[in-house]
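Participant: Please work from the sequences and hints to get the whole structure.
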Amino acid sequence: MSETPAVAETSPPAPPAGGHPDVDAWIAYHEGELGTDEEQRLRRHLVKCPACVSLVLDLDAFTAGAEGPGAGEELSEFERAAAWRSLRAHLEREEGPRGAAPVAAPRRAAWRLAVPSALAATLAAGVLGLASWNAHREVARLQGVVAALSEPQVNVPIHDLYPDTATRSGGGTRPAEVRAAPYVTLVLNLEEPADFAAYEVEVVDAAGHVAWTGRGLEMSEYGTFTLGLARDFLTPGEEYRVRLHGVDEDARKLLQDYAVRLE
Amino acid sequence: MSRSDAEPTAAAAAAADPGEAAERIDRAIDAFRRGGDREAAFRVVFDHYHPVVLRFFRKRVFSPEDQLDLTQETFLRVYRGLEGFRREARFGTWFFRIAHNTHLKWLRRLHPDEAGAAVALPESNPEPGRWDVAEPAAVAIDAAALDDVLLAERQRVLREAVDELPGQMREATELRVYQDLSYREIAVVMRLSVETVKVHLFQARKKLKTKLRGAFEIPI
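Here the protein sequences line up with chains A and B, keeping their order. Residue 243 in this note's numbering sits at position 243 of the first sequence, and the numbers go up by one each step. Residue 1210 in this note's numbering sits at position 210 of the second sequence, and the numbers go up by one each step.
Keep in mind that the hints are not guaranteed to be accurate.
Stretches of chain B that chain A covers, calculated by requiring three or more beta carbons in the stretch to come under 8 Å of a beta carbon on chain A [as the list claims (entries may be wrong)]:
| # | segment |
| --- | --- |
| 1 | 1026-1033 |
| 2 | 1056-1068 |
| 3 | 1093-1102 |
| 4 | 1185-1194 |
Some chain A residues well away from chain B (every beta-carbon gap over 10 Å; in silico) [what the hints assert, rightly or not]:
| # | residue |
| --- | --- |
| 5 | Val23 |
| 6 | Glu39 |
| 7 | Asp58 |
| 8 | Ala61 |
| 9 | Thr63 |
| 10 | Pro157 |
| 11 | Asp205 |
| 12 | Glu218 |
| 13 | Glu238 |
Taking beta-carbon pairs under 7 Å as the criterion, some of the chain A residues facing chain B (in silico) [to be verified]:
| # | residue |
| --- | --- |
| 14 | Leu42 |
| 15 | Val47 |
| 16 | Val53 |
| 17 | Val56 |
| 18 | Leu59 |
| 19 | Asp60 |
| 20 | Phe62 |
| 21 | Arg80 |
| 22 | Trp84 |
| 23 | Leu87 |
| 24 | Ala140 |
| 25 | Leu217 |
| 26 | Met219 |
| 27 | Gly223 |
None of these hints come from the bench; they were simulated from the model. Even glycine gets a Cβ: it sits at the ideal position worked out from N, Cα and C.
Facilitator: Here is the structure:
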């Protein structure tokens, strides 16, 4: 089959008359739950209707279990991690801290509970709304940061992290102070030479949450790894662990664990 | 939508096996509903579906902030509803319905009077006078105008030839020519295998070549 670009010379189909079938009809079509006549009717509609084709293709993307071509290119790992953090923060505000068991409130007379409850509910709704708004602004802001960081950076501070600021057990007591800058470069030095098929790095916050994961790190000819970090993705003053792993087939081994603190 | 029958992208090549991905999602849903480490379980769902949901809203919503907002809103609703998910439908279908409803709800909030209907474009010229300037009576027929006439004629001839193709072959050809779908997309839309689509299009191309006697290249 040729890939002639003559498609541009064709005119788009005329929109079908009689409106569009609803989403339930398309779900039933996609699941193969319709009779032959109805299926034919919907298929004829699709041939004339790019909007419904788009809907069916989206439905397929949700149900296929496979990511279609290019699906992974929508966001960088940075951006996706930021989106996750934003979502998690929202859920934590909604549900309370992770693992916190709900405590039963002592019984009170209904009338005594009603007014404070209503006030609390109103306040909570306001706080949640504000939290949601803030969380999304945060993601949008971080996208802006990513765009800005995509531009060439000048005078990027470089920090060499050596094993003496790190321990394999994760109990390092001398976190490296990372200078305040929009973007910093960390050079990870190993205690012992390593030889793995691939290398990954995790940035873990004090609570043990993985704030960022980077894959496909390449070892330099000096046996070091270079990692670019955007300050906006981390919280100043907090301590983080930068964990370098070696990966061989299914096995993943912690090679070094560096402690860093952002100024 | 775009054609993508050529080499798969690196991202696609790296994508997990669909069956394996589905099993991973299933395990995560079970873990979530059992009340284990919900965050870890939901992270699996998030990582898998985030590109899908974001793409869904990028096709429908202009503002990047709104796209992110709606993507997050969808995940929040999935999180809240996951415990009640009874597997009466496939998880992906259930998830899709939530994304679709989130979009509808947003549209209704945006256009309350139109109940989420698409905003109609004005039919009349919004700036009278700008495009209504009368052309001089004697306009030279320039080359561009002639090209337009030829293009329209080619489209008419092609349309007639395509209309004469039999059933599924015609439908596959129309989706390819007029909606610019890839083989895989045509297969999804027509609920056929990719191989069957290829056969239909191969046959269609042969028939159109004969019919049009090489008058112009067949855009399949």
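Participant: If a hint holds in the structure, say so; if it does not, say that too.
Facilitator: Status of each hint after checking the structure:
no., hint, in the structure
1, 1026-1033, "violated (count 0)"
2, 1056-1068, "holds (count 6)"
3, 1093-1102, "holds (count 6)"
4, 1185-1194, "holds (count 5)"
5, Val23, "violated, 5 Å"
6, Glu39, "violated, 8 Å"
7, Asp58, "violated, 5 Å"
8, Ala61, "violated, 5 Å"
9, Thr63, "violated, 3 Å"
10, Pro157, "holds, 30 Å"
11, Asp205, "holds, 14 Å"
12, Glu218, "holds, 16 Å"
13, Glu238, "holds, 19 Å"
14, Leu42, "violated, 10 Å"
15, Val47, "holds, 5 Å"
16, Val53, "holds, 6 Å"
17, Val56, "holds, 6 Å"
18, Leu59, "holds, 5 Å"
19, Asp60, "holds, 5 Å"
20, Phe62, "holds, 4 Å"
21, Arg80, "holds, 6 Å"
22, Trp84, "holds, 6 Å"
23, Leu87, "holds, 6 Å"
24, Ala140, "holds, 5 Å"
25, Leu217, "violated, 16 Å"
26, Met219, "violated, 21 Å"
27, Gly223, "violated, 27 Å"
In summary, the numbered hints that this structure violates are 1, 5, 6, 7, 8, 9, 14, 25, 26, 27.
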